[in-house]
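Make one complex out of these two single chains by using the hints.
Each chain is listed here by its residues.
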Amino acid sequence: MGSLIKSGGVSGAILSRIATNDQHGENSEYFDGWKAYDKDPFHLSRNPHGIIQMGLAENQLCLDLIKDWIKENPKASVCTPEGVYQFSDIANFQDYHGLKEFRQAIANFMGKARGGRVTFDPERIVMSGGATGANETIMFCLADPGDVFLVPSPYYAAFDRDLRWRTGVEIVPVHCSSSNNFKLTVEAVEWAYKKAVQSNKNVKGLLFTNPSNPLGTILDKDTLKNLVRFVTRNNIHLVVDEIYAATVFAGENFASVAEVVKDLDSSEVNVDLIHIVYSLSKDMGLPGFRVGIVYSYNDSVVSCARKMSSFGLVSSQTQFMLASMLSDDSFVDNFLMESSKRLGIRHGVFTLGLKKADINCLISTAGLFVWMDLRHLLRVRNSFESEIELWHIIIDKVKLNVSPGSSFQCTEPGWFRVCFANMDDDTLHVALRRIQDFVSKNSNKTAEKASDNDQLIQNNNAKKQKWKQSNLRLSFRRLYEDGLSSPGIMSPHSPLLRT
Amino acid sequence: LFFSLFFDHNLFDLKSEKMKQLSTKVTSNGHGQDSSYFLGWEEYEKNPYDEIKNPNGMIQMGLAENQLCFDLIESWLAKNPDAASLKRNGQSIFKELALFQDYHGMPEFKKAMAEFMEEIRGNRVTFNPKKIVLAAGSTSANETLMFCLAEPGDAFLLPTPYYPGFDRDLKWRTGAEIVPIHCSSSNGFQITESALQQAYQQAHKLGLKVKGVLVTNPSNPLGTALTRRELNLLVDFITSKNIHLISDEIYSGTMFGFEQFISVMDVLKDKKLENTDVTKRVHVVYSLSKDLGLPGFRVGAIYSNDDMIVSAATKMSSFGLVSSQTQYLLSALLSDKKFTSQYLEENQKRLKSRQKRLVSGLESAGITCLRSNAGLFCWVDMRHLLDTNTFEAELDLWKKIVYNVKLNISPGSSCHCTEPGWFRVCFANMSEDTLDLALKRLKTFVESTDCGRMISRSSHERLKSLRKKTVSNWVFRVSWSDRVPDER
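Chains as they are written, first to last, in this note's numbering: chain D, 6 to 504; chain A, 77 to 564.
So here's chain A without its partners, still in its complex pose (with noise of 0.2 Å):
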């Protein structure tokens, strides 16, 4: 016995040893990467869906690609040749290409992507090609503006929920906080004024400054834009407290629904703010990871009208410059007038079908959701499905629909949501018929859930609280429906 706890002491001793020789960053797991959201994703690649060869395998949810418009692109290449092969006119470019690593980025690129972003935005805001810093991704782009507005220790308030990787991009390597800005379900998760506050005051009790707000517009997970009350009220709260505001816009080309994408440069012009500091702490990101559905190819940008922040980002984007052959090849891509607003009607019309075959789906197997109008994804209500309203009880279902649905699907909880059991499930990042087999398993799952569920309660009263609790409801969700805003 002694020898085996001195052996373990030892090797325990070591261990600890060779992870002090290390960073902090190592072995903390501020990466975030220990989380269900994760997790799920492990478990897929162990035991792929495939239509021929594994049809029984696991369906992947948790993905928020946009698959649905490659051929569009693809049919573009085929008419651009030069586009393709590294040709201007004809001739080859490519030593120009092999060598450019100006942090600047390609001026016919940069011009590309603020007229594609003014277009989202129906032309009704400009954007300078000069303010636009480009990034590996938005990924890096919000971590470069993070090094940029934040000392370690300092905060940032995100509405929740909120995008798992915020916890890696934002505050890993930064040192910087999040601080959640509540959001309820009693009023379709929207940001109010007591919320905002309630967040500043909770951060200034840590003892953190607050140095600004970031949100995501159209939001991930909810799959919802931002209403005109709410961007007012974020640009009144960071003017009365000095402070700045990130809106990450990479799914400001998903919205689907009859409503126009409103972005925060929207309301600046509208509240005649341009021109003033309100507006030079308001920051943009933007990627082309979801609209044009190449989240490969690594393409962030940074937007700012602040011209200290983007010279320091400028400089810092030399840790993660996007590559001359993509930049090449979306300038010429984005610079296609004809292209860009075929394609971004047509992305629209695509997401808008497949959203509906999900929420329609989702409805036949007795479950609903919060109604979207942009994003690759529903926010699913399955708080009927919990046998207790715990985190625990959604963690339980959720291993039920990984492990014995076989459906990867992202948890609530992951996504720092306070109120147990809703689950975020994409739809845009498969085919038709692997949506209809998923919503299959889950209708299966649900009825065989409530026959199981009735079987094994024995006793009388708890079946009449069951029965009383799914009555309550459905009744819910029918006056839910009812009270929709316009708006959203």
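With the rest of the complex left out, here is chain D (with noise of 0.2 Å):
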């Protein structure tokens, strides 16, 4: 693939090695799928037949109440007349220290985001170019090119770009299955530590994204205690991306890091070794405005960070208009609230109707997605080749754009991430549906003899599902057979054209 790129003339010599490898990790499959979807997007009326996005991990569920505020709150734009006697300063405001009100207006909010329970100082608040920049900006402050970050599996695909492609830190992943539901243990992580420490790698710390993305779960608060004492014991970081924290909807509070330093005793916790990484773009839906946060608790960090968020600082028109919307707590609570309650329907709608078609997902209680297991209609159990014939499938026949495990280095195959928040209810109910279609369509000839034997159901209910998933997987491999035929599923970064 790096040949591909380098074959640029004069010029292709004497770029970097950083401008010429694949190492951005855009040319994964990743992409494919939105490449399709991009030739050929869902409209309800325009393009009703189009590919519905669910790749794309958005909240669009509570502009609406944003949008109003902005209209109810004219002074908080430095453009319009009722704010632009501010226009000047705002203009003028480049210090990489940021707006006061604006981290203050951040701390507020990321205190509620975790119902109160913690508090956060805005000096420690340092901006970045949204976690995309924050991320980046923490590796460049913890660790040298080299240098080894472990990341629990299955991780945001991403992370292969923002935290290695220019810091030259490698991530060794610590690989979650799905027999214990993908739950992160202090054991895994402590094999994973010892064998990267016996291959002579030098282990500079541990960062995950919680609540999770892809899975949706949060990590349990005594784990989360005792992934401190471990980092503290063993004298490494601990990086948790919260970006999610605010899209729990169900079950158990989520817990901060942050509440953790706070409960733990000063002999368990090194808070020099803790770092969070925040956005404004899932919890709030704002991705466009480019509001990352690097929240750490060692002064030194917090002192580079800032210097480096030079690279990616907050436009002073974005921070002035959060800083009076974020400090409005009357806005805050409804929309926490409001939100939270949103992503429950929705995610409740979601997962009913995937139960329909006989499709389940991994229990969550957070996050814009679910973590679907399509597990029992691969070709091949447990094969990555099937998974991405499966994903193809999916895309052409079922035109949905969703993301296959394999993209976020999952280690079993079958699993889907799918995106429920980035849609309006319409949308999602033609989702629905053609979901539903298609899995009935391909085990009609199952139906007819199910309801011919009522009385005999529930005795014969386990046969029968695996009977249905036999012939799934039979009309699938159909279907498969179809695809492989057919030019247009093959993108040219496909591995199947390796095999």
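Simulated from the structure, these hints should not be mistaken for laboratory data.
Each hint should be verified, as a subset may be incorrect.
[Said to hold, decoys possible] Far from chain D, by Cβ distances over 10 Å, these chain A residues were calculated:
id	residue
1	Leu-115
2	Lys-122
3	Pro-157
4	Glu-195
5	Lys-206
6	Gly-213
7	Gly-333
8	Arg-357
9	Glu-422
[Unchecked claim] Below are the DSS-like pairs computed for lysine-lysine, each with C-alpha atoms no more than 27 Å apart in a straight line:
id	chain 1	residue 1	chain 2	residue 2
10	A	Lys-171	D	Lys-80
11	A	Lys-171	D	Lys-40
12	A	Lys-171	A	Lys-391
13	D	Lys-105	A	Lys-391
14	A	Lys-347	A	Lys-206
15	D	Lys-44	A	Lys-345
16	D	Lys-80	A	Lys-155
17	A	Lys-155	D	Lys-72
18	A	Lys-187	A	Lys-155
19	D	Lys-40	A	Lys-187
20	A	Lys-414	A	Lys-155
21	A	Lys-122	A	Lys-476
22	D	Lys-105	A	Lys-187
23	A	Lys-171	D	Lys-346
24	A	Lys-475	A	Lys-129
25	A	Lys-207	D	Lys-40
26	D	Lys-76	A	Lys-129
Predicted model, so just to flag it, every value in this text is computed and none were measured.
The C-beta atom is built at its ideal place from N, Cα and C for all residues, glycine as well.
This is how it looks when you write it as structure tokens:
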């Protein structure tokens, strides 16, 4: 793949390795679905047969609340007649400490998103170019080229770019499996750590997203405490990306690592090792505004990250607006409550709809997506090739862009991340109908037989489930064969081409 | 005694242990912020001037901001409520903006940027919006270009004096090196062929591979635009060495002299080098921070004819995208051609008048500047106020000006100038009254210093030599202004 890029004549020879390698990861399959979607995007009225985007973890459910607030608060914009008297001061403001009111408002919001169980110090809040910028910056602060960070898998695909590309840092995955519902355990981390150290790797820390992307699960407080104790014992860093903190819609409260730092005794936690990455892109649905935050309990890191923030400051226009919005307590309280409610409803509708198609998801209580189990639909069990085949069928036949588990470094084939918060209700129902239609169409033969044996249904449920699934597999086999002969599916970077 | 030694030793160990946990970027001071350039800022923060609240406070003349034309933008905002309130044709596009994070940037915005850049260059050259990569300020643009062009340990040649922030932007996280191209006052700090060759050889002596040359045009801190001769020299040089040229044209819209701004793009066109390999190695960096006075909005851009660089830089822009609400606002602003032409003309007019005010105020204090035709600052010659021709003396003088005269100006050493005694003094980041006050303070200081020096020198010899020195300086200044070439 590298040779594809290097054939650029004289100037190709004198660009940097970073510019010409593919460590940015954008040649991965993760982006093929996007490309297919871009060519044929769904629209309820204009293109009802187009591909529905379910690979984008956006939160579109509460933008109306924000839009209304902005309309009702013209002073929060430096461009409106009511706010323009602030224009020159704000347009001129490039201090990398950021507007004091902005930092205070962010600290306020972060605390409320964690149910008021912790408070954040505005002096430790450092800006960055989205969480993308924040994660890269924290790597630059904590690690040198060649150093290692442990990252539990499955993990957000773009970490390969954000943590490694320009920093030269290596990722060593801590593989989690379905056998315990992909839960991260201290034992797994310890094992991965020991192994890495034994291979002479310089492990600088552990990084994970909590609530998890792509799993949508939250880590229980006890495990989090033990992980904090583990990093302290071994003198390595802990970076928790809490970008989905306010997307919790059910179950236990989200336990932020900030809570653990507060609860633990100073002998158990070395706070100089604890760092939080945050952003408003998911909780508030404002990825376009590029608000990333690095929050560290280590003074040297705060100082260094702040200097580095020059490379990705938040636009002062945006700082000013959010400072006003997020210090409006009644807005924030209502927003967080409403957002949680709407996400919960959406999640419920979606998972119920999937159940009707006999599709299960990992039980989750947060996030903008579900971790869908399609292992029973793989042509060959435990095969990543089959996963990619299935994925192409989903894109081309079911016309949904979902993300295959392998793009998240998942070690078990058959899992897919499916986003549910980046569309309106109608579109969601179209997506569900397509899935249900598709699944039922391919198990039609079995359906009639089932209705004739009403009384035996309960006794034979397990048998029929197995039968249905094997028939589904057979009908998918047909589709696989169709797929293999149709040129449209094969992207130039498909692993199938290599076999 | 033993106990205290033991205690200190342990503390030292603890600190170095702590620091070992962090990266070398934290523990070195590659960010360059221990330099005097930034220390002056810190002093200002402690005691900032305010006309009413703190009239004896420090006046900030170390910040190259353009505060002269906000009124023009504000009145545009009043006439364009849609852009101001995130609407298009009266309809709210808030949701579209909230979700827009495409690293290709907003097409309307890149088109407007391209056309604005063309307008600044008298529409003599064209910029293709598809070759523009947006960045979070030119700070980010310059760093991104370094990541694309240089390996750790590779070098870029920069003419001195240069913007102090380059030490951070070009070197800190990239691992690239800067090798200076020494420019001197003997020819108005212009770049010469021999200086270029010397820098190239020096890099080789240091075992560094030279990847390119980076210039700021118009120059910071000189306030002068590169001459056509210098631009030709640079293009010829990078052609023969097969290396890159980055032209940071962040001040292109601040050119107020009689001359037109000549961009490196003009030279490529005039030399008929478009569509050649050389053009692929010439890259322009731009930003709206200086021309429009909007540093807070973080709008920077890279322009390159090399598709691979555009592609790589676009991906890297993920680390510092421009806020969508800012892109939208500015695409509307810059698409209004009536506004942009009026703005550019008025901006230049006001800058010119401000510069004149500073220059004549300095002259009445017996201080001259390099004759400038652009920028938000003057390169001021205070060599005659140094006790000795050394950087120690320059620093002493700077401290006096900061702490006694209460003006924050930037000493030439912070800009890597090879000759002591030069200072960058900004003029566009304050009101006229504040500028006048600053000049008054400076004049008072200079007059008292001369007096003071006279009084403290009891020796007749020293008095004689001082007078001689002063006279020869005057003679030098007069003859220099006669020699100023037409092109500047």
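Per the stated criterion, does the least C-beta distance between Glu-422(A) and chain D lie above 10 Å, as a non-interface residue requires?
Its Cβ never comes within 10 Å of chain D, the nearest being 16 Å, so this holds.
Interface exclusion of Gly-213(A) relative to chain D, criterion Cβ beyond 10 Å
Not fine: 7 Å to the nearest Cβ puts Gly-213(A) too close to chain D.
Tell me if the straight-line CA distance from Lys-80(D) to Lys-155(A) falls inside 27 Å.
Judged against 27 Å, a Cα distance of about 17 Å means the pair holds.
Take the C-alpha atoms of Lys-44(D) and Lys-345(A), compute the straight-line distance between them, and say whether it is at most 27 Å.
Since the Cα atoms of Lys-44(D) and Lys-345(A) sit roughly 37 Å apart, the hinted pair is violated (cutoff 27 Å).
Between Lys-76(D) and Lys-129(A), does the CA-CA distance stay at or below 27 Å?
At roughly 36 Å apart (the allowed maximum being 27 Å), Lys-129(A) and Lys-76(D) break the hint.
If you draw a straight line from the CA of Lys-171(A) to the CA of Lys-391(A), is it 27 Å or shorter?
Status holds; Cα separation ~24 Å.
Interface exclusion of Glu-195(A) relative to chain D, criterion Cβ beyond 10 Å:
At roughly 21 Å from the nearest Cβ of chain D, Glu-195(A) sits farther out than 10 Å, so the non-interface label holds.
Check the hint pairing Lys-105(D) with Lys-391(A) against an upper bound of 27 Å on the C-alpha distance.
Between Lys-105(D) and Lys-391(A) the Cα gap is close to 31 Å, so the pair fails against 27 Å, i.e. violated.
With 10 Å as the threshold, tell me whether Pro-157(A) passes as away from chain D on beta-carbon distances.
8 Å, violated
For Lys-206(A), which was marked as not at the interface, is the minimum beta-carbon distance to chain D over 10 Å?
Holds, because the least Cβ-Cβ distance between Lys-206(A) and chain D comes to about 17 Å, which exceeds 10 Å.
Hint consistency between Lys-475(A) and Lys-129(A) [alpha-carbon to alpha-carbon, up to 27 Å]
24 Å, holds
Quick one, are Lys-171(A) and Lys-346(D) close enough, alpha carbons at most 27 Å?
20 Å, holds
Hints 3, 6, 8, 13, 15, 22 and 26 from the list above are not met by this structure, while the remaining hints are.
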